[in-house]
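Enquirer: Here is what each chain is made of, one letter per residue.
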Amino acid sequence: VDEDVIRHFVDHEYARVVNAVAFVCDSRAAAEDAVEEALARAWLRLRRDQPIDSLAAWVTAVAMNEARGGMRRRRAEERACRRLAERRQPSFGSDPSLCAEAEELRRALRRLPRRQREVTVLRYFMGFSTAEIAETLDIDQGTVKTCLYRARHALAAVLGEDDDHKEANYA
Amino acid sequence: MPDLDERLEHEMRRLAEAVPTEGSFERVRARVTRHRRRRQLGIALAVTAALSGAALAGMQLANLGDTGTHQLRATKPHGAPAVSTPSSLPGPPPGGSTVVPPPVFRFHQDTYTCSPELTAAITRTWQVSAPRTPQIGATSVSIGLRNKMAGSMGDRGPLDPQIMLPAPDVELWAQVVTPDGVTYTSKTLRLLPDPPDNFMAISYPTAFPQAPALTPGTYTVVWTTRQGSLACDGFTIG
Chain A
1 VDEDVIRHFV DHEYARVVNA VAFVCDSRAA AEDAVEEALA RAWLRLRRDQ
51 PIDSLAAWVT AVAMNEARGG MRRRRAEERA CRRLAERRQP SFGSDPSLCA
101 EAEELRRALR RLPRRQREVT VLRYFMGFST AEIAETLDID QGTVKTCLYR
151 ARHALAAVLG EDDDHKEANY A
Chain B
1 MPDLDERLEH EMRRLAEAVP TEGSFERVRA RVTRHRRRRQ LGIALAVTAA
51 LSGAALAGMQ LANLGDTGTH QLRATKPHGA PAVSTPSSLP GPPPGGSTVV
101 PPPVFRFHQD TYTCSPELTA AITRTWQVSA PRTPQIGATS VSIGLRNKMA
151 GSMGDRGPLD PQIMLPAPDV ELWAQVVTPD GVTYTSKTLR LLPDPPDNFM
201 AISYPTAFPQ APALTPGTYT VVWTTRQGSL ACDGFTIG
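Sequence lines, in order, name chains A and B. Under our numbering, the first residue of the first sequence carries the number 1, and numbering increases by one thereafter. Under our numbering, the first residue of the second sequence carries the number 1, and numbering increases by one thereafter.
Worth flagging that the hints you see were computed from the coordinates, not collected in a lab. Please note that a few of the clues may not be correct.
Cross-link-like lysine to any residue pairs, in silico, SDA-like; alpha carbons within 20 Å at most [as the list claims (entries may be wrong)]:
1. A:Lys145 with B:Glu6
2. A:Lys145 with B:Arg7
3. A:Lys145 with B:Leu4
Isolated chain A, as found in the complex (with noise of 0.2 Å):
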């Protein structure tokens, strides 16, 4: 059964992960042996009977945190890196085919601090709502209003709009 969930979940949920935790980290390399050591764990967690609620939510949390770490980023990226040139795909970031509007989207991001990225990331792409955003990264939610507050107005500019909402407004 265990095996079944993990499967399911690498045939469904897995690519939306990597590429949320690509965002945050940059390095689609780094995201994916997080996420994979996160589903590991998941997995052993599973065999001993311990619930997850969610567990996109859980392995979200547990690669976002995995990803951090500088060093294993270092040797995920050797390893991953390897594997990624035998498939002979271009590294995360350098699509030619995304428009200007989007790339600049994509450095606007990366220029943001670190917990704003992540806030960004799981609200507009994992579409979490705050609550889940707050549990995923262990933070209150007036701070989690308060991270996207400051990221969408750092990234109206950068798409041309303005952004006169309140911190209040966000759920």
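Model the placement of chain B on the given structure of chain A, informed by the hints.
Expert: Showing chain B alone in chain A's frame:
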């Protein structure tokens, strides 16, 4: 501003890349296997370290013996009936037939620790039990030991006793050092691997031949195998 939210969602979706999942499941499964092997290896190393540390403690004792402060006693032949003999520190025991040397450890009630300290590997493996508050006017106290990881590794499946325990029928002694420095050794005990959560408990001074009645002061309890000390604990009589 809904427009901005929608645009951010849309643009971020465009930024997402196709991530091939080929081989991912197999890599995750390989990691699980590695995690489990690493855990087994860690436990095996912990036991090895515990027994090595115990041997080291014996060597320290031997060194002390060279100075005339302590002396190692003769080891009882394997399989012979255990004889419990009171022994004092310093000096050899009466009759010289005690199966294990007196412990070098001393318990400190204020910190619940012993000095010298047993290694962390031992501490994690062996859990001790004794009264944690000074016992006023007690006539006996219960002391216990269990192997936290015996019978289970926190994972499914039986545990290899070759790794987890010295042996299912390992000979074990509890040694109690009284406040005035006299050591009393229990009868030979056998620590069984099952059930893993049960403490093996004995009473002091009841289960310690020739041990006198409790007197005020701090007592040190050392759990010892033929290879050396496993865990140190203690209690205080008020």
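Enquirer: All the hints need checking, so say for each whether the structure fits it.
Expert: Now the hints, each set against the structure:
{"no.": "1", "hint": "A:Lys145 with B:Glu6", "result": "17 Å, holds"}
{"no.": "2", "hint": "A:Lys145 with B:Arg7", "result": "19 Å, holds"}
{"no.": "3", "hint": "A:Lys145 with B:Leu4", "result": "16 Å, holds"}
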